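Trainee: Using the sequences plus the hints, can you model the full thing?
Each chain, letter by letter, is given below.
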Amino acid sequence: MLSYILRRLLLLPLILFGVTFLIFSVYSLLSPLERLATYVNNPNALKSAAASERLIKKYHLDDPYPVGYFRWVGKLLKFNLGWSKVANEPVATAIAEKFPATLELVLYSIIPVVLIGIWLGVVSAVHHNDPIDQSLRIVAVIGWSLPTFIFGLLVLFFFYGVLGWLPPGRLSVWAQNIVYTNPSFHRYTGLITVDALLNGYGYVFLDALRHLVAPIITLSYVSWAYLLRIARSSMLETLRKDYIRTARAKGVDERTVIYKHAERNALIPVVTVAGMMIVQMLGGVVITETIFNFPGLGQWAATAAQQLDYASILGFSLLFAFIMVIGNLVVDVSYALIDPRVRLE
Amino acid sequence: MKGKWLGIVLVAVLMVSSVAFAAVKNPNTIIEVTIGGPATMDPHWSYDTASGEVIYNLYDNLINYKGSSLKEFEPMIATKVPSKENGLIKDGGLTYIFPIRKGVKFHNGDILTPEDVAYSFRRALIFDRSGGPVWMLCEPLLGVDSIEELAVKVAGVKKYSDMFTTDKNGKKVLKPQYKKAMIKVVTDYVNKAVEVKGNNVVFHLAQPYAPFLSILAHSGSWGSIIDKKWAIAQGAWDGRADTWWKYHDPDRAKDPLYAKENGSGPFILKKWIKSQAVILERFDDYWRGPAKIKEVVIKYVDEWTTRKLMLQKGDADIVYVPPANLKEVEHMKGVRVIKGLPGLMNVVSMWPWTINAKGNPYIGSGKLDGNGIPPNFFSDVHVRKAFSYLFPYELFIKKALNGLAIRNPGPLVKGLLGYSDDPSLFYHFSIKKAREEFKKAWGGKVWEKGFKFKIFYNSGNDTRKMACDMIATYAKMINPKFKIEPVGVQWSAYLELYRTEKMPIFTIGWLADYPDPHNFIPTYMGSTGAYSSNFGKAYIEFAKKNVDPLIKKAIRETDPKKRAALYKKLVKIAHDYAISLYLYQNIVFHVERTWVKGWYYNAIRPGQDFYTLSK
Amino acid sequence: MKRVIKKLLSNTASLVGIVLLIFFIVIALLAPIIAPPLSDDPYQVPRMSWNVNPQPPGTPMSDNIREIYEQMGKKVKLTKALLGTEQGGYDIFYGLVWGTRTAFKVGIITVGVAMIIGIFVGSVAAYFGGWLDEVLMRFTDVFLSFPFLVAAMVLTTILGKGLDKVIIALIVFGWMGYARVIRGSILAVREDVYVMAAKALGVKDGRIILRHLLPNTIFPVLVQASMDTGSMVVTASALSFLGVGAPEGYADWGQMASFARNWIVGSPGHAFQYWYTVFFPALFIALFVLAWNLIGDTLRDILDPRLRGEL
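Chains as they are written, first to last, in the working numbering: chain C, 995 to 1339; chain E, 70 to 684; chain Y, 4 to 314.
Keep in mind that the hints were calculated from the coordinates and are not lab data.
All values reported here derive from a predicted model rather than from experimental measurement.
Just to be clear, a hint being listed does not mean it is correct.
[As the list claims (entries may be wrong)] Pairs of lysine-lysine, DSBU-like flavour, derived with a Cα cap of 35 angstroms:
1. LYS521/E - LYS1079/C
2. LYS1051/C - LYS340/E
3. LYS641/E - LYS153/E
4. LYS408/E - LYS427/E
5. LYS240/E - LYS1069/C
6. LYS10/Y - LYS518/E
7. LYS168/Y - LYS1235/C
8. LYS140/E - LYS266/E
9. LYS1051/C - LYS427/E
10. LYS10/Y - LYS521/E
[As the list claims (entries may be wrong)] Pair ranges (Cβ atoms, derived):
11. LYS1235/C - LEU135/Y: 50 to 58 angstroms
12. PRO39/Y - TRP1168/C: 57 to 65 angstroms
13. PRO39/Y - THR681/E: 56 to 64 angstroms
14. TYR1197/C - LYS261/E: 54 to 62 angstroms
In this text, a Cβ means the ideal position worked out from N, Cα and C, and glycines have one as well.
Mentor: Here it is as structure tokens:
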């Protein structure tokens, strides 16, 4: 087990290296003038060829491929991730600020995803081919057929525009004031709900929670719809197993059969899928954060990609690669721990 | 059981907080919601509207515009506005004298002195970050585009970078033989351009420069007055002539003033939550008296639907509304829309007289054979005139902009000196005349063979796409052999394409840096203009002969009437030679909740002046 | 094969999917007749007027656009915007019809090519094992480490606007799933007797893979592919929403839906004023994906040996 973990961890630097190489290769598809566009919004800044030259030289935009690449990697090795143009601060600071926001969103989303997905999946399997099953399947399939941005905009429209209950953003103005400017508010974790409780500001906690509801609804729909399916097929498979047949023959009541015997075993593969989905969600928050103006990694990544802010792109790509590798490792290891039949190669 | 109670409490809280008081929301705070986000708090770095808006409210300049006027000034940090009449403009416009107000406080309590004023401008000059706004000070004060140009002249080298070597840490080090020359740059030029004389600050210009006061006025962040003592304490230039190059054009991360401020303006920067919001707090010791509102929050939300809902709910007091969506807010309850405000920006379609043909797939065959255009296609005035006649200006303004624009005869916008509504300066939409011009073009070959090429717009900009589509559609209507294809490209590709002069027609806009014709005419017509320098060799020669001399004359002319006449002449040249297709000038509007009081319009101001606002 | 088709037709869910798919295929095939093109590029959605605001269904052409088209030598058959217009006067009906072709193009080409690449990489890695397997799988891991949507965004921003660039970006970041699936399947059967026999007989590796291994292991990949066809269209629409992807005015459902984003909430009092800008493109996207998902879902149940008795 330990050697397996170590072997997987050794992959991490390799993958990170691969990521930088891939991104830089894509970056070098652009000419120096095109790369300049990231630094220039006002055409006046390029009054003359000399002005463009100055900017190109200042940011080393015309270095040949190997020189540029090593300059990049050299900075990375000194933990200098560069400057994020779209966030107006160093990339490392941007990550430190935005990662907790996305994490908060994803962590809270896990609860409805797992609970609803698994619960409905089990229900669907138990009522296999019944109208309940069919309708749940349709709801689920709609879930991952409907584009997230349309669903998100409709949620925003309904819960904010019509009802006024769930405004966009992360905090109301008064709460934002407290969190960011009040010296007695210590940001221990970066998760505002947690920090608010730790600092004793109950109303800030509720305000933050209120702003999380709509994004969570949007973000989780796709996920629990998918999980429903996995849970359903896994449950169906388990219900066909011999030991279930035996239990039924022995006269155990149906409820106990389902919830005590079948569900537990059926959930094993579901747990691993859920784990993978959490990791995936961290990359899938882009649209949700954009619509609800939630200041997390997704919104930052989308803006950076649109404006070709390479430092930012590299920053979150490395972060995401890191999460993927570690996350997948954790999932695989837990799978092996939960299910004794699984052997890690 | 517990869960149930928590649920009830939650719902209760949600409902109570959403039963928003029909009365004013957030009575002590003005909330503006707009797009983008500031890049910096350093007045000498800032060259974008979002940064400009925040800096406008944190810092003061020497003079301010009077209310909504673009031509009249009033004193600010200076106690008098210099003019020929009061003797504070001397030597034929080469000397400007500003008496400095006493008792003005900076946010940290320091008292403002003339030393601070002189330091502010000297620091600007040596700071001069590439791609920044300081060229506007370099031109009048030093007669060059950037301080590097001056250093190169004084040191007698070819390039600025020739004077430096890189040490093993990657830092640039000045070669010792150039130290003397570099010191001279400050002692003999910078320090002489701006100096303290008693209680006055005196500017010595390198040439008479008519728009100088506009450049210094409040709205231009580069003219902000910063606190010398504080700036030096933060790590900005120490004011010495033998260190200035170390503080010149730093990386943004290394700019000590990028996230801090210590201005003398009506608001203090309480918190800048990067790319999300800016929180300002009233400065109670402001020399004009404290502001009416205690707090200002500027929120940055790119999604229009979200901004609209915030306005509707009263969670936002002032909101940026894209012109296409104006109709949706016009009849919103509790919302006030003020229309008809002329904006200092225009959009123009331009055609290089010589297109760069090297590796250029946009001109088709490169010949006048019906499958392309030759690189000098637009050098024939009949071609240019034909396009000027075929564009349906009024239809475009009515449809694409919902009528929120007016036409300009040339690159000048209404509201600036020298603007003229003279109908003879406009091309009127006429398919007949366009047809005639096309038939005359290139000795009739254009009509006979036809042409094919691509035109460009910045993708995402539907208005410009519509303009391109109209050009293509109406051209095709006149003669089916005229095949034009509009293409949308990302800003990065667009930038490269127009700088390498490969686009047959490119459409782009310009927002004024300061309200003077000198900011528009050279840009669109001069041989070294930001746009017109990309019109190719044939145009540059034309401009050097016919345009540049007039521009030079106009900048030095101190009599406004004579200046106006010169600019009108230039606009006539733009018309007669059909230099570009002048599409429109924006008519701006302002959207706010009805409980907001005290707003006034000034076309050159970036964003809002929160000092006068209240609820 | 016959059994599979019979089962697909008898199950309600997949039957619905098949009917929907046929509906879309018919529209795609009959596009030039239902919505005759009015410009040189049939994928350019014609404008019904120059109006920036969307117009409701049934609005006739205005602003002399009809005369302009006729002067250009085009015959105008559709003089009314049957389902309304988008911002800028683009005809929604036309966009939906030709967008069907676009959807099929995007879905099938992307999935097809990605599948081929994935199968190649995965089967080679699984069959030869050893260091080749390690290298190929690490290579796959690097690509998997990118958040799909963002990676596609970056690539399309660089390559420029246009559907072909979107397809390239989706392929570049979409083949990894197939590689992993086929690798897993082949690893399971690599040591089977018939493979050993073929090797002993001296059959070339390529043939073994193509003729023996793949036919037995390809089904999970096909199931995945059928569902991805739909979801690729959703991803392409997400890319349009985020500002990269098909250019404005192109007949692509995602592009049309993204146009709608500023009009989802109408004026106060007429909240659903511009419902048609959202409703129709969203409906088509959802139904298209639904069709593929229903078919793929049932296909999975059919091909799952463990559920054989139940269906």
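Trainee: Report the numbers of all earlier hints that the structure fails to satisfy, in ascending order.
Mentor: Numbers 1, 4, 6, 7, 10 and 11, in rising order.
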